[in-house]
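Trainee: One letter stands for each residue in the lines below.
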Amino acid sequence: MSLAARIAMERPDFTVDITLDAADGEVVGLLGPNGSGKSTTLRCLAGLESPRSGNIIISGTVVEDSSGGVDLAPAQRSVGYVFQDYLLFPHLTVLDNVAFGPRARGVAKRDAEAAAQTWLERFEIADLADRKPGQLSGGQAQRVALARALVTDPDLLLLDEPLAALDAGTRASVRSVLRRHLSGVRGAVVLVTHDPLDAMVLADRVVVLEQGQVVQVGTPADVARRPASTYVAQLVGVNLLRGEAQDGLVSVGDAVVAVGDRRIAGPVIVAIRPEAISVHHQRPEGSARNTWPGRITSLEARGDLVRVEVDSVPPLAAIVTPGAVAELALHEGAEVWLSVKAVDLDVYPA
Amino acid sequence: MTSSPARARRVTPIPIGILAAIAVALLGIPLIGLVLRTPWSRLPDILTSPVATEALRLSLLCSVAATAVAIVLGIPLAWVLARAKVPGVPVVRALVTLPLVLPPVVGGVALLIAFGRRGLVGQYLYDWFGVQLPFSTAGVIIAEAFVAMPFLVITVEGALRSADPRFEEAAATLGASRWHILRRVTLPLIAPAIVAGAVLAWARALGEFGATITFAGNLPGVTQTMPLAVYAALDTDREVAFALSMILLAVSLAVLIALRDRYLRRGAS
Numbered sequence: 001m002s003l004a005a006r007i008a009m010e011r012p013d014f015t016v017d018i019t020l021d022a023a024d025g026e027v028v029g030l031l032g033p034n035g036s037g038k039s040t041t042l043r044c045l046a047g048l049e050s051p052r053s054g055n056i057i058i059s060g061t062v063v064e065d066s067s068g069g070v071d072l073a074p075a076q077r078s079v080g081y082v083f084q085d086y087l088l089f090p091h092l093t094v095l096d097n098v099a100f101g102p103r104a105r106g107v108a109k110r111d112a113e114a115a116a117q118t119w120l121e122r123f124e125i126a127d128l129a130d131r132k133p134g135q136l137s138g139g140q141a142q143r144v145a146l147a148r149a150l151v152t153d154p155d156l157l158l159l160d161e162p163l164a165a166l167d168a169g170t171r172a173s174v175r176s177v178l179r180r181h182l183s184g185v186r187g188a189v190v191l192v193t194h195d196p197l198d199a200m201v202l203a204d205r206v207v208v209l210e211q212g213q214v215v216q217v218g219t220p221a222d223v224a225r226r227p228a229s230t231y232v233a234q235l236v237g238v239n240l241l242r243g244e245a246q247d248g249l250v251s252v253g254d255a256v257v258a259v260g261d262r263r264i265a266g267p268v269i270v271a272i273r274p275e276a277i278s279v280h281h282q283r284p285e286g287s288a289r290n291t292w293p294g295r296i297t298s299l300e301a302r303g304d305l306v307r308v309e310v311d312s313v314p315p316l317a318a319i320v321t322p323g324a325v326a327e328l329a330l331h332e333g334a335e336v337w338l339s340v341k342a343v344d345l346d347v348y349p350a
Numbered sequence: 001m002t003s004s005p006a007r008a009r010r011v012t013p014i015p016i017g018i019l020a021a022i023a024v025a026l027l028g029i030p031l032i033g034l035v036l037r038t039p040w041s042r043l044p045d046i047l048t049s050p051v052a053t054e055a056l057r058l059s060l061l062c063s064v065a066a067t068a069v070a071i072v073l074g075i076p077l078a079w080v081l082a083r084a085k086v087p088g089v090p091v092v093r094a095l096v097t098l099p100l101v102l103p104p105v106v107g108g109v110a111l112l113i114a115f116g117r118r119g120l121v122g123q124y125l126y127d128w129f130g131v132q133l134p135f136s137t138a139g140v141i142i143a144e145a146f147v148a149m150p151f152l153v154i155t156v157e158g159a160l161r162s163a164d165p166r167f168e169e170a171a172a173t174l175g176a177s178r179w180h181i182l183r184r185v186t187l188p189l190i191a192p193a194i195v196a197g198a199v200l201a202w203a204r205a206l207g208e209f210g211a212t213i214t215f216a217g218n219l220p221g222v223t224q225t226m227p228l229a230v231y232a233a234l235d236t237d238r239e240v241a242f243a244l245s246m247i248l249l250a251v252s253l254a255v256l257i258a259l260r261d262r263y264l265r266r267g268a269s
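Just so you know, the sequences run in chain order A and B. Be aware that the first sequence starts at 1, since it is given in the working numbering, and climbs by one per residue. Be aware that the second sequence starts at 1, since it is given in the working numbering, and climbs by one per residue.
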């Protein structure tokens, strides 16, 4: 393992206790709401903060061992850090920013600049070399920050909310470029985000944090399909219903949901991806086994799509295209019917 | 706002207008008078006279040296005030701020008590090293540094406080040592404040009169800087005093313009 870490810390209202590992070339997404301890974890990995107790091994080097009294300074760890707002040095050009790491490690100016130039070319920003950070767009600044963190060839790359500083319009394109660049990184990558979509798109493996604890680990597809808790389901946008299954029917409170799987019985979790839910004006006819009436409580843009929350029993969220919103004249307060086919439900034991 | 159709009409009440006009006159008439009474035709002769050239030379030498002292000692002091977590920092800050409001002549008296020939420190300087600061050019530099350094310290401390410490964290994750971070990140980030503080300190040192004449006296060629030469010339040749004053006024204006255009508008680059 390129990274093996256990970090424990006291926070005012909860305790952080996280075990984390990552292989070379693997991108681990640390997903959780603000204040769940993920940024603290990242700072501990970089050595910017010291955990109360814990141990961190990066590529075989013990950089933190609270019982052994080891706590290496950031400069002594083979770590690259991309900060949320990138923190490019405003007084240096793009080239000098990227050359900063090698220069700080005693590399000759000419060699450091050559190395920086190589990374700028790799990230297709060589033409920005002479600019100051103030003259860059958010996406460009992110690439410079990534180049600056990678030029020293760290064993561990850390990214703190790499897309949070961007406006919604550029986020999607920057996200896909970042994904391409991260896939070429030699060392382990840990990225922190509160945006499930970032984690789903960028990470090979998602670690979900809640109140300083790991609540689920899995591939993005696993986590989205089988969220381990209501919290994770809310986070990844999946509808999650708890109920009792019997003969292909799951009773969820006052409602009954038909599921495809007749064999499953007892307490279950039903996961309904919001894209699987259709929205109608009238009670739909057809093959959909599950239909629910309700009133729209919120319409919210999610990238190119719109998330529709409905106060049906149980309350559900659907994802539709803006075209459908216009065609059906959806608005908050509108009476609608929702439908989902039984085969589109995921059921698994609670 | 000028395009707003419903722009409020603000009428200045007459008493306020009158008092403001008197204030402008109070500030402006003396300066206009100085310009009018400057003997422009004699100016080249006066400025090349020994008294003027010596005073100019001393003023430049001492103010630049005092500014250098303020930079070399003041930046570390500002760093400690902004960053060090040691008890007593508020007391030190009060001490640093005091010369800003202290009458300069009191500063001169205090310097005499400290560094005079029989002073607290001065007696040892004299007995052990034969150094005598009062009535020497070095004494002028010390008097000017005493008065001017707080300007630099206060300016730089403010900049250090408002500088984002995360830039230093970013540098640390890139492998930079503390010394490298200080040289390549912290100081460059506060460079505008250092320049602004140095210019303020220099201007203050250039105009220093009270502490200098009290501590260092008024010896032509040794301690007689421009302001002291102006004072002395008032008794002998008023036109010389006017001419030298005009030079100091021009320098002050230049400082004001330099600070406005380059350092008071932040983030222009």
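Don't take each hint at face value.
Short, incomplete list of chain A residues facing chain B, as computed with Cβ under 8 Å [as the list claims (entries may be wrong)]: (1) 11; (2) 12; (3) 14; (4) 15.
Have a look at the derived ranges for each label pair, beta carbon to beta carbon [as the list claims (entries may be wrong)]: (5) 73/A <-> 260/B: 54 to 60 Å; (6) 164/B <-> 15/A: 26 to 32 Å; (7) 177/A <-> 72/B: 45 to 51 Å; (8) 176/A <-> 76/B: 55 to 61 Å; (9) 162/B <-> 280/A: 53 to 59 Å; (10) 11/A <-> 85/B: 47 to 53 Å; (11) 73/A <-> 76/B: 20 to 26 Å.
Bear in mind the hints are in silico, worked out from the structure with no lab data behind them. Note that this is a predicted model, so its numbers are computed, not measured. Each residue gets a CB set at the ideal place from its N, CA and C atoms; glycine is no exception.
Trainee: Each hint: holds or not?
Mentor: Each hint, compared with the structure:
1. 11: violated, 20 Å
2. 12: Nearest chain B Cβ about 21 Å off; hint violated.
3. 14: Violated - the Cβ of residue 14/A stays beyond 8 Å from chain B, reaching only about 24 Å at its closest.
4. 15: Nearest chain B Cβ about 24 Å off; hint violated.
5. 73/A <-> 260/B: 54 to 60 Å: violated, 42 Å
6. 164/B <-> 15/A: 26 to 32 Å: holds, 29 Å
7. 177/A <-> 72/B: 45 to 51 Å: holds, 48 Å
8. 176/A <-> 76/B: 55 to 61 Å: Between residue 176/A and residue 76/B, where Cβ atoms are some 49 Å apart, the hint is violated.
9. 162/B <-> 280/A: 53 to 59 Å: holds, 57 Å
10. 11/A <-> 85/B: 47 to 53 Å: The hinted range 47 to 53 Å is violated for residue 11/A and residue 85/B, with Cβ atoms some 22 Å apart.
11. 73/A <-> 76/B: 20 to 26 Å: At roughly 23 Å between Cβ atoms, residue 76/B and residue 73/A fall inside 20 to 26 Å, so the hint holds.
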